[in-house]
Amino acid sequence: MSRRDRGSVWRFLLPVGFLAFTAATVAAVLFKDWMPPVASEHGKGVDGMITYILCAAGLIFVAGHLLLAKFIFTSGADDAPAYKPIGNKAEMLFTIGPTIFILLISEIGVLFIGNPIWGQVFKEDPEDFQIEVIAKQFEWIAHYPGRDGKFGPFRMEKYDEVDNIAALWKKDKESRDDLVVRGKLILPAGKACQIRIKSFDVLHSFNIPAFRTKQDAVPGIYTKTRFVATTPGDYEIACAEICGVNHYKMKAKVQVLPLEKYMKWLEEEPGFFE
Amino acid sequence: MLMKSDAWESRAWEGDDLPGGGRSEANRTVVFLMIAGAVMLFTTFTASYLVRREAAGWGKVSLPAICWVGTAFLVASSVTMELARRKTASARLWLGTTIGLGVLFALGQVEAWRQLRASGVTASSGAHSGFVYMLTSVHAAHLAAGIVVLVVALRRAGRGSLGGCAAWWHFTGAAWIWVAAVLTVF
Amino acid sequence: MALTHSHGTDAAHGHDHPSGFWSKYIFSFDHKVIGVQYLILACIMGLIGAGLSVWFRTQLAWPGKAGMSPENYVMAVTMHGTIMIFFVVSLSLSSGLGNFCIPLQIGARDMAYPLLNMLSFWTIVPGAAIMVASFFVEGGGAAGGWTSYPPLSALPKAAPGSGTGQTLWLLAMAIFVVSFTLGGLNYVATILNLRARGMTLMRMPITIWTYFISAVLGLLSFPALTAAAIMLLLDRHGGTSFFLPSKLILSGQLQTNTGGTPLLFQHLFWFLGHPEVYILVLPAVGIAFDVLAANARRPVMGYKASVFALWAIAFLGMIVWGHHMFISGMNPYLGKYFSISTLIITAPFALLGVCLLGTLWRARIRFNTPMLFALGLISAVGTGGIGGLFLATATADLHFHDTYFVVGHFHLMIGVTSLMGTFAGIYYWFPKMFGRTMNETLGKLHFVGTMVGTFVVFTVQHFQGMGGMTRRYYEYVNEYVKPAAALNPLVTIFAFIAFGSQLIFLVNFFWSMFAGAKASKNPWEATTLEWTAESPAGHGNWNEPPVVRGDPYRYGEGADGKGWKLQTDA
Ligand code: HEM
Ligand SMILES: [Cu+2]
Ligand SMILES: [Cu+2]
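For the record, the sequence lines run as chains A, B and C. Under the working numbering, the residue at position 266 of the first sequence is numbered 266, and the numbers go up by one with no gaps. Under the working numbering, the residue at position 118 of the second sequence is numbered 118, and the numbers go up by one with no gaps. Under the working numbering, the residue at position 223 of the third sequence is numbered 223, and the numbers go up by one with no gaps.
Read the hints as simulated data drawn from the structure, not as lab findings. Glycine residues also receive a C-beta, built at the ideal position from the N, C-alpha and C atoms. You can take every hint at face value.
Derived list of chain C stretches under chain A, where covered just means 3 residues or more per stretch with a C-beta under 8 Å from a C-beta of chain A:
1. 137-147
2. 154-163
3. 250-263
4. 294-300
5. 329-336
6. 357-368
7. 386-393
Quick partial rundown of chain B residues pointing at chain C, CB under 7 Å, derived from the structure:
8. P19
9. G21
10. E25
11. T29
12. G37
13. L41
14. T44
15. V51
16. A55
17. A56
18. A123
19. A127
With the rest of the complex left out, here is chain A (with noise of 0.2 Å):
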């Protein structure tokens, strides 16, 4: 190792380096939207919350790798005069002050930004449109309750891959009218809906990433989710939890329609039983 490190490349190439890295990656959040266009209501305030993240641990993330390069390129050479200590109070005020400015600024946000859109997702409205999603290996099936508003039981016997997909049962008044559709979840914009996710195998994500939204399914249980789509169109969800070899093929078609138009397409489209 060499001793006479006065003039070695590493002091500015060093600094360099990380400053270039810090450029690069404020540029990056700067300049590109990476998120996919938000189209839910608390999809926004997600979006929120993150943007806030961004603001403060970005301020966290320059100010660190700022000092990181001024440390190491004004750092003295071999030959300097030996280290003199920098003094209690100073010491003090570097290590305490940052840390209480990370733990007010991460707690502030979930208290008062995050938790409260944390609570939007997870409301229980009995107003609120009731769907049902199930998940099976590799598949999403969008169940309404039809105009009973009630959901048919399951009845796991009765499941039949082609003709019964959501094992209900016939004889189940609650069934008659339910409706069932593979592959493709249709949803109203500008109502909320409670979604109710069933598993009928192992753990899947219920995930739409233009909605923030993301929910494990989870045989044995039901979870829930909430969300107002916002604007018609057509979404995608994508598992997010693995499930197996065609984890990256399970995905279905979200259309959000408008209000009218959805209300119109549960009227006529006839029950799974009809």
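Got chain A; can you put chains B and C with the ligands on it based on the hints?
For chains B and C with the ligands alone, coordinates are given in the frame of chain A:
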């Protein structure tokens, strides 16, 4: 208990005037940590038990009466273990008794499993019976480790303290009462 | 221990010095030999683990061109994660360097239980072999993700690797846990009880604190994984239903289980899983502190504050596991709790980071290879930690969970940070291991390649995650993800650079072992105890027990203009 150290163990390196107390303290540390780890293990099982209990297919079974006889053996063995630890002169005798009682308990467990099986209770016949087999087996493994350690201690009786062995042995006794209580009360 | 050192020169020990090849290099009780054995095993496993990543990265960049089927993909990802965490980072950083430096830095002749130590190593070897062998059984290796969540991992029919492959995976993991637990017992006992005279707790190098704390964490959290693995095994082979709910339908067939709760497994897994992250990261940070102090020629900033922060991180680390489960179906109120508690950890973590950074304040830096890695680690830990702020906020996690944002984040933490710490440690202690130094030019090349490669790969992955790019995907067929997935070739190219640099390291490591420049006793002019032993240190480390007379980082002391003092100096 535990491992024999290297051949060149020496007081200069490992004596009790080290800031950490040296080798004899190390044995204590290890026993303490093993108990702490085992406590975490049984805690995890207990927590799982309490969670699983809320769901379907619980099917509670009760422990065969022979388990309670075994409990008495274990309690008695803790007493003899204490005697072995305190009475250096008759340590071997008391150690032997402790081992004997431990083995009796283990035999009782085997009989308990046999009885359960004979009455149609298997690990897969219900969720509770799954826990019964699992928890009693995990406990039995800890007890077996204790018996092995005691046998080693018996062969080296008179040399070194029995504190570590005793702590572990009392722990397996306490763990049994814990396990049996969880399996019957909840 | 050194491969090249002859017996005559170290007349150190009057006791039975191991002589034969077998007792000296294979079944040695010497903590230093065992440490190196772990390192070498980790190198072999690292080649396999990284090779897998090269394979699946090729598939991601140029779908269909890597000769990889979707079955191969899920298996490769699962095995890559498992091997990297448990058989590369754990083995090199925790077991390898830990074994090597603990007795040397605290002034002990060896571990408290040398035989146990040797057995720990020889327990893990079959574990590693079984893990590797599982590739070749019917259906291939485990394919349920390194988290192996049931029911996927519990039902042989759910995935091709969920048959024999998953059983062997569980077996290998069980062996790992046994070996790691034995190792942890040894660490704690050695550090607590065998410190040299004068080595009070608050005089221990921070490296030792981190090994101590991570060993304690491991001992308290691995039992949860043990319990989970036992129950999973029983569900797989004993017909029980701990994790398997009623009336599952697999390949059109109704299953017979009743009432199990899959979420239970996730709680148990992450009760271990989160502390495990700290087990892997903290020692790397500890090593960085040592290397930074030695090469910045000043004491670490805030020694006491750092020790406090480490304990705080460890304690809080045990009550935040639910941040991996925000959207798992766990009660949403718990989500809020875990979000708040996790963000509290940012405080001690920030404290640690500031102390690392502050150690460069008024420094006189020597830019040698270990120092470069320690400097890189500061950036990696900071950048990775900032990603953690996003993931710990439940609301933001709605978007980021199980995307490449997570992949980028945890690689920066447990991949880059841990490995930078490991490399810093290896370059730094190599003279003590083999009496030779590693080649500096190759070392610096290794550094540049690692730094550029990994930072580009894992930073870009954060942005891909923002684009909603889900992880564990064989190919990106969704429309919305096309812009993010378009970056895959770029990421893969830099992954190749990162991988290639590790080959430079391997060459350097094995070449320098035999042909590196001879090193003196204290080549870095460092102050901690290991530098008072010979290079390479013989079996038993010192002739006379060292006596400690001061703090670990005595840089800037010493009246004679030397500017530093050994810990043993008056
Ligand atoms: C050459 C360096 C590496 C590259 C390019 C790389 C790349 C990747 C990628 C792309 C994935 C995600 C694949 C997917 O989700 O489809 C992944 C997963 C993973 N990697 Fe790495 N990795 C590297 C090194 C490491 C290291 C050093 C660790 C050590 C801790 C590690 C631990 C993991 C884990 C735990 C997973 C998750 C596996 C799972 O999803 O079950 N990787 N890696
Ligand atoms: Cu999936
Ligand atoms: Cu975590």
